[in-house]
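Chemist: Letter by letter, the chains look like this.
Number of protein chains: 2
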Amino acid sequence: MSVAVPAASEATTPFGDRLVDRVLARESQLILGIDPDLRALWPQATDGPDADGPPAERAAVAVHRHCRALIDAVAPACVGAKLQLACFERLGPPGWRVLHETAAYARDAGLLVIADGKRGDIDVTATAYGQALFGGVASPFGRLPGLGADLATVNPLMGSDAIAPLVAAARAGGGGVLLLVRTSNPGAADVEDLALADGGTVAERLATLVDHFGGQGIGRHGLADVGAVVGATAPGHLLRLRELMPRAPLLLPGVGAQGGRVEDLAPAFAPGRAGGLISASRSIASAPALDGADPATAARREAERLRAAAWSLA
Amino acid sequence: MSVAVPAASEATTPFGDRLVDRVLARESQLILGIDPDLRALWPQATDGPDADGPPAERAAVAVHRHCRALIDAVAPACVGAKLQLACFERLGPPGWRVLHETAAYARDAGLLVIADGKRGDIDVTATAYGQALFGGVASPFGRLPGLGADLATVNPLMGSDAIAPLVAAARAGGGGVLLLVRTSNPGAADVEDLALADGGTVAERLATLVDHFGGQGIGRHGLADVGAVVGATAPGHLLRLRELMPRAPLLLPGVGAQGGRVEDLAPAFAPGRAGGLISASRSIASAPALDGADPATAARREAERLRAAAWSLA
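Heads up: the protein sequence lines correspond to chains A and B, in order. Mapping the first sequence onto this note's numbering, position 15 (from 1) lands on 15, and the numbers just tick up by one. Just so we're on the same page, this note's numbering is the position in the second sequence counted from 1, plus 1000.
Calculated directly from the structure, the hints in this document are not laboratory data. Each hint should be verified, as a subset may be incorrect.
[To be verified] Computed Cβ-Cβ distance ranges for the label pairs, DEER-style:
| no. | chain 1 | residue 1 | chain 2 | residue 2 | range |
| --- | --- | --- | --- | --- | --- |
| 1 | B | ALA1257 | A | ASP193 | 34 to 44 angstroms |
| 2 | A | ALA195 | B | PRO1006 | 28 to 38 angstroms |
| 3 | B | LEU1239 | A | SER312 | 50 to 60 angstroms |
| 4 | B | PRO1145 | A | ALA289 | 29 to 39 angstroms |
| 5 | B | ARG1107 | A | GLY142 | 29 to 39 angstroms |
| 6 | B | ALA1270 | A | GLY215 | 38 to 48 angstroms |
| 7 | B | GLY1200 | A | THR46 | 47 to 57 angstroms |
This one's a predicted model, so the numbers in the text were calculated from it and none came from an experiment. Note that the Cβ used here is the ideal one computed from N, Cα and C, for glycine as well.
Starting from the given sequences, assemble the full structure and let the hints guide the process.
Modeler: Below, the structure is given as structure tokens:
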């Protein structure tokens, strides 16, 4: 089926151009994944006065401090921060507040904000997710602010009408979306790699959806506002998927803890440096503290190593 | 790939048995979909003292009142309530609080609670979603309570290792999960209906995942704790999918506003009345107010009509 999404307004800088400008200005294609692990928070998380209230409130305050310390430590090496929504949702109601606060803190540090929730649902519901993650919604009670993300990850299983409202919501504010195409986990083989009767795989078909939806949102630098998640753990797929999505920014998770290597990702950068965004979470936040370094120093060192490795590829 | 999930503990009543008992006790297979639309809240939403605070707080209070009134009106005709997470998330931080409060209110009304978020992510993240939606998590700050859902919808695109942690989290507390198999929207044709080189369709392959994961969680009544979402809008798929998932509870959305008819859903009930759960949202909350009836009376009438239509099929 074909679902129309309005083209980007001329008054708004298309996301692809914002991305190119930001990558060049920061000399980085590195995305800091923020997936706070309650059992591995940095010492800064429990510094300062104890928070009052129930466990969820105290946990949320600690997670907020951890996230700020992480951003302070590595933002200079990064172009964006990817917030893993699940890790905030498990904090309960205070978690959603800390999610908003952390997004604002990352933005103030000059980072693009990626809401990693992998949402996808029927049209009216996808519209509600778009309001939640991007620009908010006008209501009889006044305007409800959204998370203000620059990008959100989207699960395309439900097809075009589940994708279109999220593209529209992102595009209206100069943002974009990243559709799951070929993820970094072993289970990606179960469904995404299935061969289709008409040729190609499920992932390749998803890639054609990325190219279709991005076609109306291409900036002057040639990058679209609809990109794809392609795991760094299976670089063998990358060349073919890049052929099918020549203008898509690719988010490449799975470097480090999941086994992916920056050196294998060159095809991602075919449309230019901003065509590939390297995402790393645990490998930065839990970088081995050599020489007795504190977590912030270790994280900064690992982030700078990843940044330099990716920058030298293009 | 094969991912192991522990079998249900003998100390916990398996979800399938809880579902059968509840359906028989309430003589209903109807699920009330709660998708609060900010522009169509019931008059009760703005009764009572005005809430203070910013628009999001005032909207959240109104949504909470609306949801309580809706549950009060139609719970007697229903066996469960399906909370559409997107509609709470767009309220911002207060929305997650109202989500928890509404889940508790539905539970107190005797309803099973379905968290409809269609989550799906790599193993560590799926674990975090499981903690958020089901039983919570122990943390250094004390136990963080989860939403306490009985069921959650799960997007299976990422495969077995994205599904297993959610099945495990649900099963540990006597709950279950519902994998998207063939959804009710037009875009379902884009990916779910693709024909595979080895025969069958993507949806049929997803159905085999449902059957696989449910195999270790079958209750004495023969129903599993892993079910499927199969849209009521395409009943032609239902017979074949039921063959592939003989023990799965099926959630059947799309009745009413999306065009599905209860009368077409008989194959869902092959394993017994609890084998098919009819989900309706807008068609109940916005039922036409004939004879000048108020929204609650109109909703109650429509819910009872749907309940009786489904009950008479089995």
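Chemist: Among the hints numbered above, which are violated by the structure, and what are their numbers in rising order?
Modeler: none
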